[in-house]
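**Student:** Produce the entire structure from the sequences given, and follow the hints as far as they go.
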Amino acid sequence: MPRRARKKAEAPEKEKRSRQTKPKAKAETPRIGVFVCQCGSNIASVIDVDALTKYAKTLRNVVHAENMNYPCSHEGQEAMIATIKGKKLNRVVVAGCSPRLYEPTFQRCVSQAELNPWLFEMANIREFASYCHQSTPAEATEKAKDTVRMAVAKARLLEPLKPIELPMAKKVMVVGGGIAGINAALDLADMGFKVYMVEKTETIGGYMALLDKTFPTLDCSICIEGPKMVDVGRHPNIEIISYADILKVDGYAGNFKVKVRKNPRYVIAANCTGCGECRDACPIEYPNYADMYLGVRKAISIPFGQAVPLTHTINRDYCIECYKCVDACGARQAINFDQKPEEVELNVGAIVVTIGYGMYNPKDLEWTGYGKFSNVFTALEFERLILAAGPTGGKVVRASDGQKPHSVAFIQCVGSRDINRYEYCSSFCCMYTLKHAVMLKEKYREAIEVYVFYNDMRSNFKGYEEFFNRAQKSGVKFIRVKLENRRITEDAQTKSLTVYGETEDGKPVSAEADMVVLANAAVPAETGREVARILNIPLGKDGFFVECQPKIRPTDTDVPGIFLAGACQGLKDIPYSVAQGSAAAAQAACVLSKDSWTVEPLVARVNEELCSGCGVCESACSYRAINVEKVGEKPVAKVVEGLCRGCGICSSACPMDAITMPNYSDNQILTQIQAVMEKRVRKRE
Amino acid sequence: MPLKVLKEETAESLMLEWVLHVKNYKLTVNKNKCVGCQICTLACPKEAVTLEKHPKIQGEKAQKARVDIDLTKCNFCGICDVSCPYGAINVTVDGKHLLSVLEKQSFPQLVRDIKADAHKFPLDREKSEVVCPLKLIKVSFLTADGKTVDPSSLSESERQRLNVKVDVDKEHCPCCGICEVKLPNGAMYVHKFLSGKLSINTTKCPEGCTDCLDVCPITGALYLSDSNSKVHVNEMFCVYCGACKAVCPVDDALELKRTHINHTPVRSGAWNKALERLTSSTEMSKELKTKGSLKARESVRKRVGLKGEENA
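Chains A and B supply the protein sequences, listed in that same order. In this text, residue positions in the first sequence follow the numbering used here: the first is 1, and each later residue adds one. In this text, residue positions in the second sequence follow the numbering used here: the first is 1, and each later residue adds one.
Worth double-checking, as some hints may not be accurate.
[Stated by the list, open to error] List time: in silico DSSO-like cross-link candidates among lysine-lysine, alpha-carbon distance up to 27 angstroms: (1) A/Lys363 to B/Lys165; (2) B/Lys257 to B/Lys31; (3) B/Lys289 to A/Lys200; (4) B/Lys26 to A/Lys372; (5) B/Lys73 to A/Lys372.
Just so you know, these hints were derived from the structure itself, not from any lab. The model shown is predicted, which means the values in this text are computed figures rather than measured ones.
**Tutor:** The following block contains the structure:
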């Protein structure tokens, strides 16, 4: 320790320089080429590109400078390659737009010119000069010159780097077994990858499995999802891990280590045939979540008939342990009351997150009377009522007296489009309300009056507007009201309801209804926060996962190798969840189909001699990419290359100056600062 | 309509309810019938029932322990209903008193072996009805043409021709057997469904405390001795419900052991556990062994075909 301290105190500069500029010592003299981009008029209309090019030529080591219209175009790239080769350039600077957008393009171009792609530097004279100083072109040109000078200064010190290759596990985990997850899993499995489908509840299927019909075609939901669920269950490449929780995810693209806890069902999956004899023997019933608590299920049962896997589950919160199920199961011996939670470790190359959404409980919206008036339902409760396999056998009846309603009012935007609750539009409520309205009207015709209290009818995808027309033609009464001042009252005797609203021009409207159905907001999944923490992926302000880029990378997360699909990324209906499931599968396959995972070499490097193992870097890193480990006796910080994003926080936090960032070394950054200050200092003098 | 879980308590009753769209589960504790004994707390498989002692007020009689049911634990199985010796708990599904635990043979019924011989009853309504501490015996006298009459207003010969009708509210009867002793010989036959041992440790029992006596619903099962003003047990009438134990202020002053419960035959883990809690592990294993040996005997009999032995 004293020796090291002395060494650092005596010759820090020398030490650092010799370490950081080692490649330069060996390398030949820099021959820098500067390509100034006009970017149509984006840059050239403000900045004097000719002057800038002329200026660039005056900089030390610059052997070539030219301005081009679109160096990012095919032609531009060809020209650049020719110039690099012709003039034997060994450093390339492009003065143009943002490296976030175009650095990969130019790096590819540089490597096609047989130059190491990390011997390339970008000067952003568009966002930093032309865009922000449009009214002062002369100053903007000066700033562009500063920026180019900085880039050239850094280019002199650039060192060639090699990309890091990491091993690739050709397996994938799909989190959540809703319709998006099912499609992602089937696609990936068909491509030949091993898929682990981890599902929190007892069965896959998600919300779609609970629906009666789907809009706008009115085909039976479970009839179209059921076969897909069965396919997942039977696919040789898919392993369903249901009734399970994800505890921990470590690692990086190509090599995630996942710890999953299988919760005890108290039924041995391998022995359970799903015959249901235990269910018939069981004396205990409890409210069934899958029926939205309208109906009951047995303490040993499956949530609904088409469940996959068909393995029964004992709910020990309600079971009285009479062991009648054990007797009924008999020789199959599938019941084990001593089952314990089981932890399994998975090694996967990619993760597709499809955890879906939840439903808002409108109890706290007092004007709805939900929870207080017995004939006020949520849409999903109504769905279970109208479903033939539901608790009432498909009979739409009131809760108060079991009678068929003669009028039903649907109320839109309950909780959604409300800045005090959920600001967003829940996106599918308009369409499912149309579906419910049409189903009621086409089934009961004149015997039922159907009202829809809406504010805006959003029917903006294929076949949806036509469906709206069908609803109007079938005799559904649409009443447009403001979202404010809506309320529902109940007649204490008949338990019938009156819905009040206000039209856009302030006129009061009302309708009497035997039953009211609320289109309650869809909300982020309850487990969203937990999943975000475990996977280290960001959640948006609205509680849904944030995609990497909302337009061109809608299924990627910020973490390479983790993808999003379905409603957990943003509320969407079935066709779009299906499409996004397949999209995420394709994205995941892009990772999995590689033999190794390539990481940019811009990851932290630790000088093990200087490192004291203090752990400051470990706590500073937000990617869990640097950990203190023991090397022999000495604790030393180790970088997990697959996780490091090259942000450099560890490097600046390190009290021993033991961590460097390749091509962002102290020396390189100081040189850039010197370069930008140079002229100012001279001016002041 | 969302699931409603309700709990209401009045001076008369405690009511728990699950209201689902298609089903309704209701549990009612009749506080007038409930004596605050321990049976339901021990029988409940979910440990949802608890007893709470009332704070003692100096100079006043002790009050029976208050029963409370945790709505988050209760699953409306009805085991408390089935096992209550006083019939104070009523569980209904959609308003019907049909319990799935009985139907599926997951729990036995208590066997209340009560027989009344109306001919041997005295021709005095008051006198016959008053013997039952819980007022469960109803006697009526009918003339040949079916009219209800008061025998005291009739002549001796008319009295001899009366039809005596005895109604015993068996559902609420804990089978103490007082009626058997106090009514003329043979008028009533009562076999206890709970047996065991209740004793008072006189060294621990505090002087002057009559809490147990105050709450005991069976007059005569506990009594105050004249000699040392301490409470004593008359095991002839004790039904081993444990209402006394629930209010006793001193640990181990009252020793209660239940040894046997007379019940309909059943094969159920829930019953075995309830039995273990109500009696003891040894008593439970005894019952299991008996069941086992009966089963063995049965199978041997089947195999060997000794059908004649059945009558022997």
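**Student:** Look at each hint and say if it fits the structure.
**Tutor:** Hint check:
1. A/Lys363 to B/Lys165: This hinted pair is violated, its Cα atoms lying about 57 angstroms apart.
2. B/Lys257 to B/Lys31: Given pair B/Lys257, B/Lys31 holds - Cα atoms ~26 angstroms apart, limit 27 angstroms.
3. B/Lys289 to A/Lys200: 43 angstroms, violated
4. B/Lys26 to A/Lys372: 19 angstroms, holds
5. B/Lys73 to A/Lys372: The given pair, whose Cα atoms are some 24 angstroms apart, holds under the 27 angstroms limit.
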